[in-house]
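Visitor: With the hints in hand, could you dock these two chains into one complex?
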Amino acid sequence: MPENEILLEVKELKMWFPITQGIVFQRHIGDIKAVDGLSFFIRRGETLGLVGESGCGKSTTGRAILQLYRPTAGDVYFEGQNLCKLKGEPLRRMRRKMQMIFQDPYASLNPRMTVGDIVGEPLEVHNILKGKSLRERVMDLLEVVGLNRYFINRYPHEFSGGQRQRIGVARALAVQPDFIVCDEPISALDVSIQAQIINLLEELQAKFHLTYLFIAHDLSVVRHISDRVAVMYLGKIVELTTRKELYENPLHPYTQALLSAVPIPDPAVEAKRKRIILTGDVPSPANPPKGCHFHTRCGVKIAGTCDVTEPEFKDVGREHWVACYRVG
Amino acid sequence: MSTLLQVKGLKTQFFTQDGVVNAVNSISFDLNEGETLGIVGESGCGKSVSVLSLMRLIPTPPGRIVGGEGWFQGRDLLSMDDEEIRSVRGNKIAMIFQDPMTSLNPVLTINQQVSEALELHLGMDKKQARKRSIELLELVRIPAAADRIDDYPHQFSGGMRQRVMIAMGLSCNPQLLIADEPTTALDVTIQAQITDLVKHLKEEIGMAVIWITHDLGVIAGLADRVNVMYAGYITESADVKDIYVDPRHPYTLGLLHSIPRLDAERKEKLTPIEGLPPDLIDMPPGCPFAPRCRYAIDRCLEENPTLESVGRGHTVACWVDVTGGKR
Numbered sequence: 004m005p006e007n008e009i010l011l012e013v014k015e016l017k018m019w020f021p022i023t024q025g026i027v028f029q030r031h032i033g034d035i036k037a038v039d040g041l042s043f044f045i046r047r048g049e050t051l052g053l054v055g056e057s058g059c060g061k062s063t064t065g066r067a068i069l070q071l072y073r074p075t076a077g078d079v080y081f082e083g084q085n086l087c088k089l090k091g092e093p094l095r096r097m098r099r100k101m102q103m104i105f106q107d108p109y110a111s112l113n114p115r116m117t118v119g120d121i122v123g124e125p126l127e128v129h130n131i132l133k134g135k136s137l138r139e140r141v142m143d144l145l146e147v148v149g150l151n152r153y154f155i156n157r158y159p160h161e162f163s164g165g166q167r168q169r170i171g172v173a174r175a176l177a178v179q180p181d182f183i184v185c186d187e188p189i190s191a192l193d194v195s196i197q198a199q200i201i202n203l204l205e206e207l208q209a210k211f212h213l214t215y216l217f218i219a220h221d222l223s224v225v226r227h228i229s230d231r232v233a234v235m236y237l238g239k240i241v242e243l244t245t246r247k248e249l250y251e252n253p254l255h256p257y258t259q260a261l262l263s264a265v266p267i268p269d270p271a272v273e274a275k276r277k278r279i280i281l282t283g284d285v286p287s288p289a290n291p292p293k294g295c296h297f298h299t300r301c302g303v304k305i306a307g308t309c310d311v312t313e314p315e316f317k318d319v320g321r322e323h324w325v326a327c328y329r330v331g
Numbered sequence: 009m010s011t012l013l014q015v016k017g018l019k020t021q022f023f024t025q026d027g028v029v030n031a032v033n034s035i036s037f038d039l040n041e042g043e044t045l046g047i048v049g050e051s052g053c054g055k056s057v058s059v060l061s062l063m064r065l066i067p068t069p070p071g072r073i074v075g076g077e078g079w080f081q082g083r084d085l086l087s088m089d090d091e092e093i094r095s096v097r098g099n100k101i102a103m104i105f106q107d108p109m110t111s112l113n114p115v116l117t118i119n120q121q122v123s124e125a126l127e128l129h130l131g132m133d134k135k136q137a138r139k140r141s142i143e144l145l146e147l148v149r150i151p152a153a154a155d156r157i158d159d160y161p162h163q164f165s166g167g168m169r170q171r172v173m174i175a176m177g178l179s180c181n182p183q184l185l186i187a188d189e190p191t192t193a194l195d196v197t198i199q200a201q202i203t204d205l206v207k208h209l210k211e212e213i214g215m216a217v218i219w220i221t222h223d224l225g226v227i228a229g230l231a232d233r234v235n236v237m238y239a240g241y242i243t244e245s246a247d248v249k250d251i252y253v254d255p256r257h258p259y260t261l262g263l264l265h266s267i268p269r270l271d272a273e274r275k276e277k278l279t280p281i282e283g284l285p286p287d288l289i290d291m292p293p294g295c296p297f298a299p300r301c302r303y304a305i306d307r308c309l310e311e312n313p314t315l316e317s318v319g320r321g322h323t324v325a326c327w328v329d330v331t332g333g334k335r
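Protein chains in written order, with the numbering used here: chain A, 4 to 331; chain B, 9 to 335.
In isolation and in its complexed conformation, chain B is listed as follows (with noise of 0.2 Å):
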């Protein structure tokens, strides 16, 4: 497998009138052709801006891409000029966001928003970018889609509607499909929908995924490989076995062990972890999880420490071995 995309040294800034927001804090990673690498993190912690930088989608100001590189196919995304990254986004990386409720626009029909990225990208006139969003309507499995394209955002349940971004997102058969929790706004029943769809709309296609989530239940049917982030960096990285196997940032296991589980006896008490998430504008020296975790030394509060191997192609930040005595 070759690689698709590599991230080097990423850092994204936002200026703010109360100090400089370290979003992202030059976090680096690949992605190989046809892989779905999920990214795990709570909120702030610089999943989603991470690969908004990538995209270029930063507001600026005030955020700024202070560094890194971006190269997806040969070509560097983060110096590319604005007519270049245009000719990309959309065309051979695509994205669907959050809420889609509010990522449609309401005043245009199906057809209309799906058809634009065709005619653009791809150059097709109405009628034939009519006929192919019908088959891509179909291809996301809508029912009677020829019948729904002339239909308005409203007119579709929120489930369908994030069916309808998916079919835009793969309207010009991306290799790269960057999904931005897709799955958050929806019931379990829709999340389990949408997650087999792009299960195998992934085989069908052979594009690869990057499914941004904070919920380590939904990605450990999806993902290949997991990045764990906190606080702007990237705390831990691994297959996604090891990643629920063996988890190696007290973090990653601080996550696990907070939630209940349905498959799992009950147990008396959640382990939860203590203390709030760092503030990104003053942000402690050291390792940025330390003044939570239950593991800290004191060289975790005066160095932060870097993402080290621990196993094959598995990388941790963390200055302590959780699995028994120092490093």
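Chain A with its partners taken away, still in its complex shape (with noise of 0.2 Å):
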């Protein structure tokens, strides 16, 4: 396999949903832009971080990848093809190829089915195994995601959070997947058992070769397992750069002020920590302000430059991209 290899191509994505008033005849009056022209790649066997506030776009993002939403504009390429030209039975056999892990393990078991049944479903549903070798190849994937394999008979109520997500992670390898959107898949949990569902995917990832989408709005977690981030900020990528640069070398304001807002567990440092406190809240993603997106709530904004033109998304060197008019 080549190094660097891109497995996944985004180009000018856009997904707006639309907003409509009247019953009868809805009138559409408008479009909540959630995804508003992002562009990135993501090279195999690699981890994307991308992060953001609740309501930037980021899960929609993922979904749209995986056309779970049908995208408004944009490509999807995946290994050169484009899924979003691809319906019916052609886009069926790419789905086999990506799966996706959600955030809320007691929301996205059905608590009818048994382990053996969720885990088993998508290996039914595109014809890969049936029968005998089914269950043990389900067996084998609890065993894999450190489940006893004697579990297959239980139902999602018996087991705790972690242990649930376990199985979530278990379903998503069924198929033997390329790549893996995570959307937020320890938000849900507790401290301590945030940890070994890292742990987990760490390992899976270098035991089958998996690329990942990491969403997540936990800075410190995209750190660690992140090779690149993305911030996302109202349907923009503002930054995106290695974690490296990203962390010692922010550029973009919002990127520096959400740095600054994660708390660090050390009282030290906390003591010693200069925080940029932003004001305001996230505006509408239905009613976005004009020219950057983030002017409104910006510290260091050029008036009659930032609040009317939007900065275009540049790359700066080393890898680092950016969309804002104060750098470069």
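Where hints are given, some of them may not hold.
Partial list, derived from the structure: chain A residues whose beta carbon lies under 7 Å from chain B [to be verified]: (1) 70; (2) 195; (3) 265; (4) 269; (5) 270; (6) 278.
Once the Cα atoms are required to be at most 30 Å apart in a straight line, the calculated DSSO-like pairs of lysine-lysine come out as [as the list claims (entries may be wrong)]: (7) 275/A x 16/B; (8) 275/A x 304/A; (9) 277/A x 249/B.
Partner residues are not named here, just some residues of chain B that face chain A (Cβ under 8 Å, in silico) [unchecked claim]: (10) 117; (11) 225; (12) 226; (13) 229; (14) 279; (15) 318; (16) 319.
Hints are computed from structural coordinates only; laboratory data are not their basis. Yeah, the Cβ is synthetic: ideal placement off N, Cα and C, and Gly gets one too.
Guide: Shown next as structure tokens:
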């Protein structure tokens, strides 16, 4: 397998949800611009972290890539094929290669299905295995994610949050995908359990040569797991670079504020830190501000520039892209 | 500094169909005036139940406070009658909750909700209460407070609603503010706004704060003292510096090592705490953490250790000295 091979490329991806008015005749009166023109790529075997606050469009991005939502505009190339142009059987075949792990392990497992049915379902749907060999494979998968193989006949309510998340991971692995979207896979778990799941995801990545899009709001976790990180704000990527660059040399004022807001478990460090406190809240994606989306909360905005035209998302060297007039 | 709150042997149980849940197991702690105490632990460790017990807000049945005392300004909160505790609650001790989306009444205006405590506890009339409510909203830095006071909660964002909750909490100048995971439902930038606000208000008003959280990061910059709880017990209690620099309980150590730090170089692997928290109905004999503990010795499985002093203001419930050698 060649180094640096690009597995997934996203070009000008847009996902708008219509706002309608009226009961019988639904008039289209506007759009929620959840994802508004994203371009990035993911190399085979790497983990791209996608961070941002709630409502910034990170989960929508993950779902639009997997074609769970059909994007409004833009292209998603997976192994050279444009997923947005595929439908029916060809798309279904591609889906085998892409899976998803969800945030809430309580809501993402059907309470009426046994663990065997849950983990085996993708194998059945894609006509990969049946009957006894299917059961064998499910039991192996349970072992791979650190569960007892004889849990196969149990129901989700018999498991704790961390164990349920392991079931969700086993389900994602069942069809031997290349690419997994991890949508906040540890946010709903207790602190002492989070590390178990992070370690599991890392082990599996090394073992099966997986590529992850790791969506999270916790910057400490993203720093730990990612090779490169993209920071989203209100439907746009404002900064994208390698892990080291992002945490040592953040360039976008939003990234800087976000990093400074993360508490560090050390009182000596906390006492010395300078916090950038952002004022106000994230504006509505139905009516995003003109120009740079961040200008309403930015401490270093240039009046007459930032609030008029949108800054270009440009390469500033060292694999570092940023969308800000103050940079470069 | 004098003691504001002294809790002795607080024990709360829930009597359910499946058996008796030992939510809080005879915990004791002190809180000085003007001090900030952090209570850290995972879900189900009894951190919320212990403060709800002190406020006498445990739903009975199935819950019952089966023992203990909670001395607040010379009076025992746990033996007060309903009328007395009502005069303390929301007046001398205020509480803010985790979810600002559900703890405000959606059909009442902000003014009606903030004014309620002012009219009830301080006997203000409607006009005075409204004036004071606007001042309070300004105090918690809500922009254009006078224009927004007649808004309904749905017109406010999550961070703003939590500010309204804090304003309500502060309305009667409490001596103690109990914050139960107030920033868990909020984004990091909004969390920074709220923690910063509470820090400033604490200095302005001089109240004591109990801050409950599962995030060791949040209280590092906030608390003076920290109690770590596990399975209804306080396992370690120390000054905020000692908890992070010189942790003595294996559980505290485990928590600190299992979370990645924003400022630390990336390690190859995290060190998780293996296993699961115990079932509070069927508690193991001995130390509740022993089944998950890397340091456990035979004694840990038989006898539950009590809090012992290991230094100035630093107590730990553990048979093993994690710094090396047996105690």
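Visitor: So, residue 278/A near chain B? Judge it on the closest CB pair being under 7 Å.
Guide: Hint holds; residue 278/A Cβ to chain B Cβ min 6 Å, cut 7 Å.
Visitor: When the nearest CB of chain B is found for residue 195/A, is that gap smaller than 7 Å?
Guide: holds, 4 Å
Visitor: Does residue 249/B sit within 30 Å of residue 277/A, going by the straight-line distance between their CA atoms?
Guide: Given that 30 Å is the threshold and the Cα spacing comes to 19 Å, the pair holds.
Visitor: Holds or violated: residue 275/A with residue 304/A, Cα cutoff 30 Å?
Guide: holds, 26 Å
Visitor: Does residue 225/B pass the interface hint, meaning its C-beta sits closer than 8 Å to a C-beta of chain A?
Guide: holds, 3 Å
Visitor: Verify the interface restraint on residue 226/B: the C-beta must sit less than 8 Å from at least one C-beta of chain A.
Guide: holds, 5 Å
Visitor: Closer than 8 Å between Cβ atoms is the bar; does residue 319/B clear it against chain A? Give me holds or violated.
Guide: violated, 16 Å
Visitor: Classify the hint on residue 270/A as holds or violated, based on whether any CB of chain B lies nearer than 7 Å to its CB.
Guide: holds, 5 Å
Visitor: For the hint on residue 279/B, does the least C-beta distance to chain A fall short of 8 Å?
Guide: holds, 7 Å
Visitor: Hint residue 229/B vs chain A: min CB-CB distance below 8 Å?
Guide: Cβ of residue 229/B sits 3 Å from chain A, so the hint holds.
Visitor: Regarding the hint that residue 318/B lies at the interface with chain A, is the smallest CB-CB distance below 8 Å?
Guide: Because about 19 Å separates residue 318/B from the closest Cβ in chain A, which is outside the 8 Å limit, the hint is violated.
Visitor: How about residue 70/A: closest beta carbon in chain B under 7 Å, or not?
Guide: At 28 Å from the nearest chain B Cβ, residue 70/A fails the 7 Å test, so the hint is violated.
Hint compliance for this structure: hints 1, 7, 10, 15, 16 are broken, all remaining hints hold.
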